[in-house]
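Q: Fit chain B with the ligand to the given chain A structure using the hints.
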Amino acid sequence: MSIKEKEQEIIDEFAIYEDWMDKYEYIIELGKELPLIEEQYKTEDRLIKGCQSQVWLNAECIDNKMNFTADSDAIITKGIIALLIRVVNDESPEDVARSEFKFIKEIGLQEHLSPTRSNGLVSMVKDMKLNALKAVK
Amino acid sequence: MNIKAIRSQFPILEEKIHGKPLVYFDNGATTQKPLSVIQRVNDYYSKENANIHRGVHTLSQEATTAYENARNTIQEYLGAKQSHEILFTKGTTDSINLVAFSFGELLNADDEVIISAMEHHSNIVPWQMLCERKGCKLRVIPMNEKGELELDVYDTLLSEKTKLVAVTHISNALGTVNNVEHIIEKAHAVGAKVLIDGAQSIQHIKVNVQDLGCDFYAFSGHKLFGPTGIGVLYGKEEILNQMPPYQGGGDMIKEVTLEKTTYNELPHKFEAGTPNIAGGIGLGTAFEFLNSLNMEDVLKHEQELLNYATEELSKIEGIQFYGEAEEKTSVISFLIDGLHPYDVGTLLDKMGIAVRTGHHCTQPIMDQFGIPGTIRASFALYNTKEEIDLFIAALNRIIPILQD
Ligand SMILES: Cc1ncc(COP(=O)(O)O)c(C=O)c1O
Chain A
1 MSIKEKEQEI
11 IDEFAIYEDW
21 MDKYEYIIEL
31 GKELPLIEEQ
41 YKTEDRLIKG
51 CQSQVWLNAE
61 CIDNKMNFTA
71 DSDAIITKGI
81 IALLIRVVND
91 ESPEDVARSE
101 FKFIKEIGLQ
111 EHLSPTRSNG
121 LVSMVKDMKL
131 NALKAVK
Chain B
138 MNIKAIRSQF
148 PILEEKIHGK
158 PLVYFDNGAT
168 TQKPLSVIQR
178 VNDYYSKENA
188 NIHRGVHTLS
198 QEATTAYENA
208 RNTIQEYLGA
218 KQSHEILFTK
228 GTTDSINLVA
238 FSFGELLNAD
248 DEVIISAMEH
258 HSNIVPWQML
268 CERKGCKLRV
278 IPMNEKGELE
288 LDVYDTLLSE
298 KTKLVAVTHI
308 SNALGTVNNV
318 EHIIEKAHAV
328 GAKVLIDGAQ
338 SIQHIKVNVQ
348 DLGCDFYAFS
358 GHKLFGPTGI
368 GVLYGKEEIL
378 NQMPPYQGGG
388 DMIKEVTLEK
398 TTYNELPHKF
408 EAGTPNIAGG
418 IGLGTAFEFL
428 NSLNMEDVLK
438 HEQELLNYAT
448 EELSKIEGIQ
458 FYGEAEEKTS
468 VISFLIDGLH
478 PYDVGTLLDK
488 MGIAVRTGHH
498 CTQPIMDQFG
508 IPGTIRASFA
518 LYNTKEEIDL
528 FIAALNRIIP
538 ILQD
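Chains as they are written, first to last, in the working numbering: chain A, 1 to 137; chain B, 138 to 541.
No lab work stands behind these hints, which were simulated from the structure alone.
Any given hint could turn out to be false.
Said to hold, decoys possible - Here are the simulated EDC-like pairs of lysine to aspartate or glutamate, each with C-alpha atoms no more than 20 Å apart in a straight line:
(1) B:K271 / B:E282
(2) B:K157 / A:E111
(3) A:K23 / B:D474
(4) A:K32 / B:D474
(5) B:K487 / A:D95
(6) B:K487 / A:E25
(7) B:K487 / A:D90
(8) A:K23 / A:D45
(9) B:K157 / A:D22
(10) A:K49 / B:D504
(11) B:K153 / A:E18
(12) B:K391 / B:E402
(13) B:K487 / A:E111
(14) B:K487 / A:E18
(15) B:K157 / A:E18
(16) A:K23 / A:E106
(17) A:K126 / A:D90
(18) B:K283 / B:D504
(19) B:K157 / A:E25
(20) B:K157 / A:D19
(21) B:K437 / B:E448
(22) B:K271 / B:E287
(23) B:K487 / A:D22
(24) A:K42 / A:E60
(25) A:K32 / B:D541
(26) B:K153 / A:E111
Stated by the list, open to error - If the Cβ cut is set under 10 Å, some of the chain B residues that face chain A in the computed set are:
(27) G156
(28) G510
(29) D541
Think of the CB as a built atom: it goes at the ideal place given N, C-alpha and C, for glycine as much as any other residue.
Just chain A, with the same shape it has in the complex:
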């Protein structure tokens, strides 16, 4: 599946939730299921400190495919990370570097990607793309 298709899949999944709480319950479930970053990678240089929550991100590129693992101390932040990673994992660094994550706005979670939210996510997205750019051959 391409990034576009995966984004559409998520938009469709979220379309069934009318109530905010249902939507968040789903995000929280995703957060709980997020495959965790290995403890050894939870280092200071992989830590993105937000005022409200913090994020660890590890990026690898194997066979021209990006692979991200991440974690956060806040579960909602983690759930959103799970969505972002689902979209870009296994994609080429070129495609990851170009992705804009517009689906986040469509499913009504744009506020979490606002710089003023200070939850570490904006910097994490930037770091994902930087890592992808570095991996572009």
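A: Just chain B with the ligand now, with coordinates in the frame of chain A:
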């Protein structure tokens, strides 16, 4: 006190957030505005707008009068001796920076400034900058587990080297009401001046600066039902006269030649440039609103809210409170086992409830407790027990979702 009548004066309380009635428990960050203040600012721009202190035309005269009347209203409310002891600033932060710069100019290396372990960053950083600039030393009054200042240690920090003590009247993160009378008395005994950060006070308790005896008192309009971008520094005339100006520009001068400038009198010496005229006038109206209240009734109502909320929250398993001082205002900082404040704050918002999460600009307090932040509910006079019930119900709905 008729809470219904008070609530009806605050139009925003009718708003819906995500389709739910707004429950506003972030009053420590800023308070909502009564219609009288909103209307006054609106009227100023609709009918009276002109620059002040510099026009002979009618509108300028009227705007000047309104602005200066606001100063007089504030002076009377705070019990200051003179109206020119009330300086308009942008807010608490600006007021403290003014003192740190201008009073700071009178300090020398080896002089000492005392702050406390529970200060807002606004009452820490300006003093650190002053100490960098002048080579003075910063000393800190420690805080105990309950969030109270250790005043016996304070007494030992004071010496003839102490030139200024800057402490908060009420802690924004913990609600602690400090014994500022003691702090002021002891400081004066060694010849030091005292600045009180009153950002969290006037909206909850009646403040009289002459009774307190403080040398400076700083606060923000937006936290006491007034507009944003306006605040006050009260300073004793004698000390303000000794201090050099803070910023240079229009309004603060008597005479300017290209060689030399003589400065204007108080309060203008410290009010360079066109001020926040609408804000100042609106702040006057906010003080009129305070004047219409009986502050003892306000405090009683808020204490009831505090006690009720504390009692109800205590029933939640795994809750931990931060700030359990004997004397505290209507602020509750807490954490729930296994729950991150960001998650709680985000879900409460979806249910229409506004609380603050994070370190509340008081990182040293959080460091002392060994936590990154808290969830803070802070109540104002228009809040009700019914709103607290909604808050508790919302928490009880959220907790199982967030816990594993
Ligand atoms: C105790 C205290 N001091 C200072 C400030 C700073 O006020 P302002 O941001 O309005 O300048 C605040 C505001 O949060 C406060 O609570």
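Q: Please go over all the hints and tell whether each is borne out by the structure.
A: Hint by hint, here is what the structure shows:
1. Between K271 (chain B) and E282 (chain B) the CA atoms are separated by roughly 33 Å; this puts the pair beyond 20 Å, and the hint is violated.
2. In summary, the hint linking K157 (chain B) to E111 (chain A) is supported, as the alpha carbons are separated by about 18 Å, within the 20 Å threshold.
3. Proposed proximity of K23 (chain A) and D474 (chain B) is contradicted: the alpha carbons are some 23 Å apart, above 20 Å.
4. This hinted pair checks out: K32 (chain A) and D474 (chain B) have alpha carbons roughly 17 Å apart, not beyond 20 Å.
5. Using a Cα cut-off of 20 Å, the hinted pair K487 (chain B) and D95 (chain A) is violated, with the two alpha carbons roughly 34 Å apart.
6. About 12 Å separates the Cα atoms of K487 (chain B) and E25 (chain A), which keeps this hinted pair within 20 Å; it holds.
7. For the suggested pair K487 (chain B) and D90 (chain A), the alpha carbons sit about 34 Å apart, so the restraint of at most 20 Å is broken.
8. For the proposed pair K23 (chain A) and D45 (chain A), the alpha carbon gap of about 33 Å is over 20 Å, so the pair is violated.
9. Between K157 (chain B) and D22 (chain A) the alpha-carbon distance is near 15 Å, which keeps this suggested pair within the 20 Å criterion.
10. Only pairs whose Cα atoms come within 20 Å are accepted, and K49 (chain A) paired with D504 (chain B) is accepted, the gap being roughly 16 Å.
11. Straight-line distance between C-alpha atoms of K153 (chain B) and E18 (chain A) comes to about 17 Å, which keeps the hinted pair within the 20 Å bound.
12. Taking the CA atoms of K391 (chain B) and E402 (chain B), the gap is about 8 Å. The hint holds against a cut of 20 Å.
13. Using a Cα cut-off of 20 Å, the hinted pair K487 (chain B) and E111 (chain A) holds, with the two alpha carbons roughly 12 Å apart.
14. Restraint check for K487 (chain B) and E18 (chain A): the C-alpha separation of about 13 Å stays at or below 20 Å, so the hint holds.
15. For the suggested pair K157 (chain B) and E18 (chain A), the alpha carbons sit about 14 Å apart, so the restraint of at most 20 Å is met.
16. Under the criterion of a C-alpha separation no larger than 20 Å, the hint pairing K23 (chain A) with E106 (chain A) is consistent with the structure, at around 13 Å.
17. For the suggested pair K126 (chain A) and D90 (chain A), the alpha carbons sit about 18 Å apart, so the restraint of at most 20 Å is met.
18. With a C-alpha separation of about 14 Å, the suggested pair K283 (chain B) and D504 (chain B) falls inside the 20 Å cut-off, and the hint holds.
19. About 18 Å separates the Cα atoms of K157 (chain B) and E25 (chain A), which keeps this hinted pair within 20 Å; it holds.
20. With a CA separation close to 12 Å, the supplied pair K157 (chain B) and D19 (chain A) stays within the 20 Å bound.
21. Straight-line distance between C-alpha atoms of K437 (chain B) and E448 (chain B) comes to about 16 Å, which keeps the hinted pair within the 20 Å bound.
22. Using a Cα cut-off of 20 Å, the hinted pair K271 (chain B) and E287 (chain B) is violated, with the two alpha carbons roughly 28 Å apart.
23. Taken as a hint, the K487 (chain B) and D22 (chain A) pair is honoured in the structure, with Cα atoms around 11 Å apart against an allowance of 20 Å.
24. Proposed proximity of K42 (chain A) and E60 (chain A) is supported: the alpha carbons are some 14 Å apart, at most 20 Å.
25. Simply put, K32 (chain A) and D541 (chain B) have alpha-carbon atoms about 8 Å apart, close enough for the 20 Å limit, and the pair holds.
26. Distance check on the hinted pair: K153 (chain B) and E111 (chain A) sit about 18 Å apart at the alpha-carbon level, within 20 Å; holds.
27. A distance limit of 10 Å between C-beta atoms decides the matter here; for G156 (chain B) the minimum to chain A is near 8 Å, and the interface restraint holds.
28. A distance limit of 10 Å between C-beta atoms decides the matter here; for G510 (chain B) the minimum to chain A is near 8 Å, and the interface restraint holds.
29. Here the hint on D541 (chain B) is kept, as its CB sits about 7 Å from the closest CB of chain A, short of 10 Å.
Checked against the numbered hints listed earlier, the structure breaks hints 1, 3, 5, 7, 8, 22; every other hint is satisfied.
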